[in-house]
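Participant: Last residue of the sequence shown: number 638 in the numbering used here, and the count goes up by one each step with no gaps.
Keep in mind that the hints were calculated from the coordinates and are not lab data. You may find that some hints are simply not true.
[Unchecked claim] Quick list of in silico lysine-lysine cross-link-like pairs, DSSO-like style, CA-CA up to 27 Å:
id, residue 1, residue 2
1, K240, K516
2, K17, K69
3, K464, K533
4, K211, K240
5, K533, K516
6, K465, K533
7, K464, K240
8, K211, K533
9, K533, K240
10, K211, K464
11, K17, K240
12, K516, K465
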Amino acid sequence: MIDKLLSFSRHHKMALLMLMDALLLPLALYSAVVLRLGGVWDPKLTPYLWIFVVPPLWVIPIFIKLGLYRAVLKYLDDKIVYTVCYGVSLAVLVLAAVIVMARIGPFPRSSIVIFWVFAMAYIGGSRFLLRGLVRRIDAVDSPREHVIIYGAGRAGIQLMLALQAGREYRPMAFVDDNPALWRHTFRGLAVHAPAELPSLLADTEAKAILLALPSVSRARQREILERLESLHVPIKRLPGMAELVSGEVRVEELKRVDIEDLLGRDPVPPRPELLARNIEGRVVMVTGAGGSIGSELCRQIVRQNPARLILFELSEFALYAIDQELKALAPQLECLPLLGSVTDYERLFRVIDGFGVQTVFHAAAYKHVPLVEHNPLAGIRNNAFGTDVCAQAAEDGGVDTFVLISTDKAVRPTNVMGATKRLAELCLQTRHARGSRTRFVMVRFGNVLGSSGSVVPLFKKQIAAGGPVTVTHPEITRYFMTIPEAAQLVIQAGAMGEGGDVFVLDMGEPVKIADLARRMVHLSGLTVKDESRPDGDIEIRFSGLRPGEKLYEELLIGDNVLPTDHPRILRAQEYHLDEDVLTGLLQRLRDACLHHDADAAFLLLQQAVHEFQAAERTRDWLAEQAANGVGPAR
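Modelling step: build the complete structure from the supplied sequences, incorporating the hints.
Facilitator: Okay, here's the thing in structure tokens:
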């Protein structure tokens, strides 16, 4: 029966509510009169039974005008009391006037006040009773996850309405930092102080907290998220205000709060003239176009309307993936996916010269420290010689600007990867010093969030598997930056370079990796298993520093750093090698690689990069195999 009523059209439901009120209002008046007369009907009132028709005739049109019948029962809030009070109060005034004008002597005057009370109870109570019934039926039919909304502003209200109309989440309460909103209710949901969250979670059985704060700063979001970490429940958030305003996403499209939300900063708006200077209307080439940084550079580049974009990549799959993405992102742009190695001069020159490349972003490199440590010859070939070969092809092909994506590990390196990147910088600095027509610019920065091989995706995978999360050392720290911010700053730094420049990106404050792991566990709604909580969910295990790994990274070799026009880009003044010295070292290094002499290559790398101090000497795995006299498997 109830299901059938709920299936009625909206107009039929409104008609039923009007009929119900048309019966309840006379009943309220009758109850008031009988109560006033001590529970006995006075026969003298029988000729005046028509008076019981007056309240519905007057009140129902008022309720229609006030929109009471348009309200959806399931979403009624406490404001309905004001609507009912207003309509019933007008009815009482009209009723009193009718009784006086009709000179109904036997009618007890005090029953008019009692009628007001009964009418409020019958009309208002019926609405709340129906609301509870509908919500209970809805809950049985579609069990939804209980959630608490953090933020009772406009976005929070919109989110509540969207969730109530959906079937996935059931909002149970609001939480807001503004004391002026505490104890207010919106559509039946009360607003509470943040301090009440622990008890709210228990009382409402909420399984998640939804952040409805799309316009607050990253710093403020971090403060709130840090407070919520200890609650050990999943946290989701609204998209940013820019995405909501643009219509790219809807308010109910919630995103899981991730570690990027805790580590990310409020971005400095990029300077359009710097973004466009080396790209707009020009032929641009990105090496390593399928990698984490290379692919994001491509996404940023297509927004600046280049004449053509050359995607140069060794990995067939990575090249295919970024090419497909860019075709969807910028279908009007000519993107040319080209397979090739950065150590292949002939192919590089033919590409650069044949397509008239004007700007090169060199992102191709081996970046994984332990892998390069045990494959030093491959690392030297790809990172150092690959950069030098690309630079030579760029010079010979008449490229205007060549931007090298470098790393903080190039500063006082303790591993082969960092040393090869510093050697790559030295190659470009020396080319500039001898008067190259190509502007060579180097940009250093630290870890980017979510890049392949970084700790963030590794920790996510380990947490999803139930742990343990492995951290090399309790005190190890790293700098972090989001990939889009890093790519934008690289492009802008490249536009600022005059040649031979080494730019350093402001990475913010270093982050302790152990703290990062704990936060990621908490953001997953889990607890850390340690001595203080032996029954926790995820253990954090310290595995020891890996070969070539530093406890902390630096971005500068010396203290001689200059500011630039951009607040997050600094200019470092680094030494460079004499051309003859570098040429001789590179030739001997090539010979060592050609003869697979890892020991000689390691010593030459130390000669070229003066500040290279390996924490411990490691051997090339292939060299170890040969030294042990083990032949290939047959």
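Participant: Among all the numbered hints in the text so far, which are the ones the structure does not match?
Facilitator: When the structure is compared with the hints, only number 11 turns out to be violated.
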